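Colleague: If you read the sequences in order, they're chains A and B.
One point on numbering: in this note's numbering, the residue at position 377 of the first sequence is 377, and numbering is uninterrupted.
In short: position in the second sequence from 1, add 1000, done, that's this note's numbering.
Watch out, some of these pointers could steer you wrong.
[To be verified] Subject to a maximum C-alpha distance of 27 Å in a straight line, what follows is the list of computed BS3-like cross-link-like pairs (lysine-lysine):
{"no.": "1", "chain 1": "A", "residue 1": "61", "chain 2": "A", "residue 2": "275"}
{"no.": "2", "chain 1": "A", "residue 1": "351", "chain 2": "B", "residue 2": "1275"}
{"no.": "3", "chain 1": "B", "residue 1": "1359", "chain 2": "A", "residue 2": "275"}
{"no.": "4", "chain 1": "B", "residue 1": "1359", "chain 2": "B", "residue 2": "1275"}
{"no.": "5", "chain 1": "A", "residue 1": "351", "chain 2": "B", "residue 2": "1271"}
{"no.": "6", "chain 1": "A", "residue 1": "359", "chain 2": "A", "residue 2": "271"}
{"no.": "7", "chain 1": "A", "residue 1": "302", "chain 2": "B", "residue 2": "1302"}
{"no.": "8", "chain 1": "B", "residue 1": "1415", "chain 2": "B", "residue 2": "1351"}
{"no.": "9", "chain 1": "A", "residue 1": "359", "chain 2": "B", "residue 2": "1196"}
{"no.": "10", "chain 1": "B", "residue 1": "1359", "chain 2": "B", "residue 2": "1061"}
{"no.": "11", "chain 1": "B", "residue 1": "1275", "chain 2": "A", "residue 2": "275"}
{"no.": "12", "chain 1": "A", "residue 1": "359", "chain 2": "B", "residue 2": "1271"}
{"no.": "13", "chain 1": "A", "residue 1": "415", "chain 2": "A", "residue 2": "351"}
{"no.": "14", "chain 1": "B", "residue 1": "1061", "chain 2": "B", "residue 2": "1026"}
{"no.": "15", "chain 1": "A", "residue 1": "415", "chain 2": "B", "residue 2": "1275"}
{"no.": "16", "chain 1": "A", "residue 1": "275", "chain 2": "B", "residue 2": "1415"}
{"no.": "17", "chain 1": "A", "residue 1": "271", "chain 2": "B", "residue 2": "1359"}
{"no.": "18", "chain 1": "A", "residue 1": "271", "chain 2": "B", "residue 2": "1351"}
{"no.": "19", "chain 1": "B", "residue 1": "1359", "chain 2": "B", "residue 2": "1271"}
{"no.": "20", "chain 1": "A", "residue 1": "415", "chain 2": "A", "residue 2": "359"}
{"no.": "21", "chain 1": "B", "residue 1": "1196", "chain 2": "A", "residue 2": "196"}
{"no.": "22", "chain 1": "A", "residue 1": "26", "chain 2": "A", "residue 2": "61"}
[Stated by the list, open to error] A short list of chain B residues far from chain A (calculated; beta carbon distances all over 10 Å):
{"no.": "23", "residue": "1010"}
{"no.": "24", "residue": "1015"}
{"no.": "25", "residue": "1051"}
{"no.": "26", "residue": "1150"}
{"no.": "27", "residue": "1212"}
{"no.": "28", "residue": "1241"}
{"no.": "29", "residue": "1271"}
{"no.": "30", "residue": "1316"}
{"no.": "31", "residue": "1405"}
Keep in mind that the hints were calculated from the coordinates and are not lab data.
In this text the structure is predicted, and so the values were computed from the model without any measurement.
Backbone N, C-alpha and C define an ideal beta-carbon position, used for all residues, glycine too.
There are 2 protein chains.
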Amino acid sequence: VTTSLSALILPDVRELIHRNDPDLLKQAIAELHPADVAEVLVCLDPQEELILFGALAGDAKVETFEHLELDDQQHLLECLSRSEVAHILDRMSSDVRADLFQYLPEQVREELFPLLAQAERNEVRRLLQHEEGTVGSIMSTEYATVGPQMSAAEAIQVLRREAPNRETIYTVYVVDEARRLVGVISLRALMVSSSKNQVGQLMNHEVISLPVDADQEEAAQMVAKYDFLALPIVDKNHRLVGIVTSDDLLDVTTEEATEDIQKGASVMPLKLGYKRAGAGLLYRRRVLWLAVLVLLNLVTSKILAEFQITLQRVISLSFFIPLLTGSGGNTGAQSATLMIRALATGEITSKEWGIILIKELGVGILLGTTLGVLAWGVGVFQSDASVGLVVGISMVVIVFLANLVGMFLPLLLYKAGVDPAVASNPLVSTITDVLGLLIYLGFATLVFLI
Amino acid sequence: VTTSLSALILPDVRELIHRNDPDLLKQAIAELHPADVAEVLVCLDPQEELILFGALAGDAKVETFEHLELDDQQHLLECLSRSEVAHILDRMSSDVRADLFQYLPEQVREELFPLLAQAERNEVRRLLQHEEGTVGSIMSTEYATVGPQMSAAEAIQVLRREAPNRETIYTVYVVDEARRLVGVISLRALMVSSSKNQVGQLMNHEVISLPVDADQEEAAQMVAKYDFLALPIVDKNHRLVGIVTSDDLLDVTTEEATEDIQKGASVMPLKLGYKRAGAGLLYRRRVLWLAVLVLLNLVTSKILAEFQITLQRVISLSFFIPLLTGSGGNTGAQSATLMIRALATGEITSKEWGIILIKELGVGILLGTTLGVLAWGVGVFQSDASVGLVVGISMVVIVFLANLVGMFLPLLLYKAGVDPAVASNPLVSTITDVLGLLIYLGFATLVFLI
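Looking at chain A on its own, in the form it has when it is part of the complex (with noise of 0.2 Å):
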């Protein structure tokens, strides 16, 4: 477990604030990393942050400004003077103003958006344009570019002069006049080059990009395979319009994560941390979903209710509901949890579904099998023979159906273009119970009624 760097420095902090020395201050705080500063800033109350902010040079109140959450920006720009908050917009990676202006209510956007030089009103406009989840609402417009009749030392001064104001130096595309893609090389391979060399002829022809609408997944799955440190994103002229860095994909990464895992028990996606959500908003996104299970669980009890008889005859039928219904439920979250995954690392695709079937019968058979002298055991241990019998035998065709439903259910969703996450731990448990009541009651009706 990691105690953070910027919990241990608090009190310090503090304190220096509290002592009236500016230059003190900003000598203590200077070789601080912004992340760090961020994480202290937030911590503070008002006035204290308002005066470690202002000990920050130009640079690092920038920085430490990008690192903090969106609600912490809008906080902290409601408290700075027009022209700080000029300075800070005006300086800003353009993605993350992009998004912070996203973020803004309407009127704030209004009142800000005259702070900006026209160049970047426009661009904000322009990346404001992109749907949430696409590349093109990630990607940065701070991209180093060089032309294919530079030597490598003119791109490399080229680079030197650039460096301040890009996202990243370390890897250059070339565009032709229209600003076409038509190449990429690596800052390494200008280095390493006699310095005479034309661009055109060191660089890299086959460029791969993405295209501005694509999803931001795929472009993580890019990066981790070809192990980019940027990937360049094209309109469809195959125009430069951005780049998406690394460092910003691992944080799609992650999100990506959460919200997926959220999914597979039923939450929808928070959206910002556990801990910055309130009761209210964790029971918005956790009462849909249990809320409609309920609803279906009517179907369960219509199940049992029609099947009054049988369990009024044989009573000790109904000590193995959990224990059926469980297993069902939990074979098919496992199926459908894995389905669900290699759907979305695009380790599998839909179109596979006859392999899938063929392994997941055999699982089936193997895991139904192994359940069902487990389940017979349970039976007649808890009651008597033929009761193990109808428990074990309704075992095996519950979990072995149970482990279909939950592989067959996410590959329809995504056939369908549903997200197949929707085919949570909880709803596939539901189905499945469904199911296997069916089968267990239907075939103790027949053994013991007929």
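Got chain A; can you put chain B on it based on the hints?
Modeller: Just chain B now, with coordinates in the frame of chain A:
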């Protein structure tokens, strides 16, 4: 959905291989990314594979080999000549090489060691000592260092010279004579600075590093927080021993998320992808928890047997068992999942249980009341007013308590040093089933029998 590049080019590559024109083949594959060549390789017959691999340039051979999965690497090594194997092993990145040796059977490993130079052999042995899951097990030893007395121009010269053999030259570590880590500087800062400035003045003294036995997830969290390209790894004397790069951590993040998702549905981590896992492996990774949960369900059947008289008196009580246990399980799974994820991302720690409890008490009351009203309606509709009242009130209590069980179980496991992910959805559901039956049947007995 991405149609991968390798699938598109496979037929063409195959045709080229069979045309028996080595130069044409070489030319055609020269600009392909090694990751794509690797994907094509594994789709070919063994003979085609060797022809394609043979047509790669020396460096491309090594890079393509590095992009293969471990079992494919082993398979390919067996088909290559000793000199080719020696060439590849010599040029591989230290972290990928160590992973391969870790994977190979003892006997194969011993056969390969003589092909390595003494220095590489020692390095492999050293890297193999680090436990799986630590940063030491994924770090690379090909980092770039400079001395604090060098000028910026001298440092850039060193980097140009060393570039071909370094994992990255964009983040440069400054070490003293004892190889202790004293600073960090980016190539960007070196390039932007005046060439005469000393590294010692330009560098950042506050280097953020991790000890060699730190958890790899911690490294991923730090890189995401600080937007690093690489993170330095130090031994207990603060000597630099390796680096972990952000692209390696992107893989770690995805793998860890997959494991967490699988654990959430009580599947033991597969370690290899779903597609590569056979039915036998899938069975073994799934059956243990399912069997344990069947045995835990001995308790539910025991409880139902104890309340036999109540169930016989009012048979309609049994209609609502799946509804109540299901809702308890779903609620518990939700809160457990939220806790486990927040603990995994480092967002909360077990110390904060007080704040979390207060929040979850509120959520539990809201959820319990909502589902209680719904359950009351279901009960009245399917049975009568008195059963409806028992079902409704039981639901309120079950949901409220299940929510707390889901919240506390991961926190307690975490506190006890056990992986909180053990509190999987199925385990939590089984525990809340027991709780739910006791509450429901206990309350019903009070109302209808006493």
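Colleague: The structure should be examined with respect to each hint, and the outcome stated for every one.
Modeller: Do the hints match the structure? See the list:
1. Of the pairs offered as hints, the one joining residue 61 of chain A and residue 275 of chain A holds, with about 26 Å between alpha carbons and a cut-off of 27 Å not exceeded.
2. With a C-alpha separation of about 13 Å, the suggested pairing of residue 351 of chain A with residue 1275 of chain B holds against the 27 Å cut-off.
3. Distance restraint check for residue 1359 of chain B and residue 275 of chain A: the Cα-Cα separation of roughly 10 Å lies within the 27 Å cut-off, and the hinted pair is therefore satisfied.
4. Among the hinted pairs, residue 1359 of chain B with residue 1275 of chain B is inconsistent with the structure: their alpha-carbon atoms are about 41 Å apart, more than 27 Å.
5. Note on residue 351 of chain A and residue 1271 of chain B: the hinted pairing holds, with a Cα-Cα distance of about 24 Å set against a maximum of 27 Å.
6. Among the hinted pairs, residue 359 of chain A with residue 271 of chain A is inconsistent with the structure: their alpha-carbon atoms are about 36 Å apart, more than 27 Å.
7. Simply put, residue 302 of chain A and residue 1302 of chain B have alpha-carbon atoms about 25 Å apart, close enough for the 27 Å limit, and the pair holds.
8. Restraint check for residue 1415 of chain B and residue 1351 of chain B: the C-alpha separation of about 9 Å stays at or below 27 Å, so the hint holds.
9. The hinted pair formed by residue 359 of chain A and residue 1196 of chain B fails the criterion: a straight-line CA distance of about 65 Å is larger than 27 Å.
10. Note on residue 1359 of chain B and residue 1061 of chain B: the hinted pairing is violated, with a Cα-Cα distance of about 56 Å set against a maximum of 27 Å.
11. The hinted pair formed by residue 1275 of chain B and residue 275 of chain A fails the criterion: a straight-line CA distance of about 36 Å is larger than 27 Å.
12. Only pairs whose Cα atoms come within 27 Å are accepted, and residue 359 of chain A paired with residue 1271 of chain B is accepted, the gap being roughly 18 Å.
13. A distance of roughly 9 Å separates the Cα atoms of residue 415 of chain A and residue 351 of chain A; the hinted pair therefore holds under the 27 Å criterion.
14. As the CA atoms of residue 1061 of chain B and residue 1026 of chain B are separated by approximately 12 Å, the hinted pair is consistent with the 27 Å bound.
15. Taking the CA atoms of residue 415 of chain A and residue 1275 of chain B, the gap is near 19 Å; set against the 27 Å cutoff, the hint holds.
16. Note on residue 275 of chain A and residue 1415 of chain B: the hinted pairing holds, with a Cα-Cα distance of about 19 Å set against a maximum of 27 Å.
17. Using a Cα cut-off of 27 Å, the hinted pair residue 271 of chain A and residue 1359 of chain B holds, with the two alpha carbons roughly 18 Å apart.
18. Taking the CA atoms of residue 271 of chain A and residue 1351 of chain B, the gap is about 24 Å. The hint holds against a cut of 27 Å.
19. The straight-line distance between the Cα atoms of residue 1359 of chain B and residue 1271 of chain B is roughly 36 Å, outside the 27 Å bound, and the hint therefore fails.
20. For the given pair, residue 415 of chain A sits about 20 Å from residue 359 of chain A by alpha-carbon distance, which is consistent with the 27 Å threshold.
21. About 24 Å separates the Cα atoms of residue 1196 of chain B and residue 196 of chain A, which keeps this hinted pair within 27 Å; it holds.
22. This hinted pair checks out: residue 26 of chain A and residue 61 of chain A have alpha carbons roughly 12 Å apart, not beyond 27 Å.
23. The claim that residue 1010 of chain B lies off the interface holds: its Cβ sits roughly 16 Å from the closest Cβ of chain A, which is beyond the 10 Å cut-off.
24. Non-interface call for residue 1015 of chain B relative to chain A: holds, since the shortest CB-CB distance, roughly 19 Å, exceeds 10 Å.
25. With a least beta-carbon separation of about 21 Å from chain A, residue 1051 of chain B lies farther than 10 Å from that chain, consistent with its non-interface assignment.
26. Against chain A, the non-interface label of residue 1150 of chain B holds: every CB pair exceeds 10 Å, the least being about 16 Å.
27. With 10 Å as the threshold on Cβ separation, the claim that residue 1212 of chain B sits away from chain A holds: the shortest Cβ distance comes to roughly 16 Å.
28. With 10 Å as the threshold on Cβ separation, the claim that residue 1241 of chain B sits away from chain A holds: the shortest Cβ distance comes to roughly 20 Å.
29. Every CB of chain A is more than 10 Å from the CB of residue 1271 of chain B (nearest about 13 Å), matching its label as outside the interface.
30. The beta carbon of residue 1316 of chain B is not kept farther than 10 Å from every beta carbon of chain A, the shortest such distance being approximately 7 Å.
31. Separation of residue 1405 of chain B from chain A is adequate, the least Cβ-Cβ distance of about 14 Å exceeding the 10 Å criterion.
Checked against the numbered hints given earlier, the structure breaks hints 4, 6, 9, 10, 11, 19 and 30 and satisfies all the rest.
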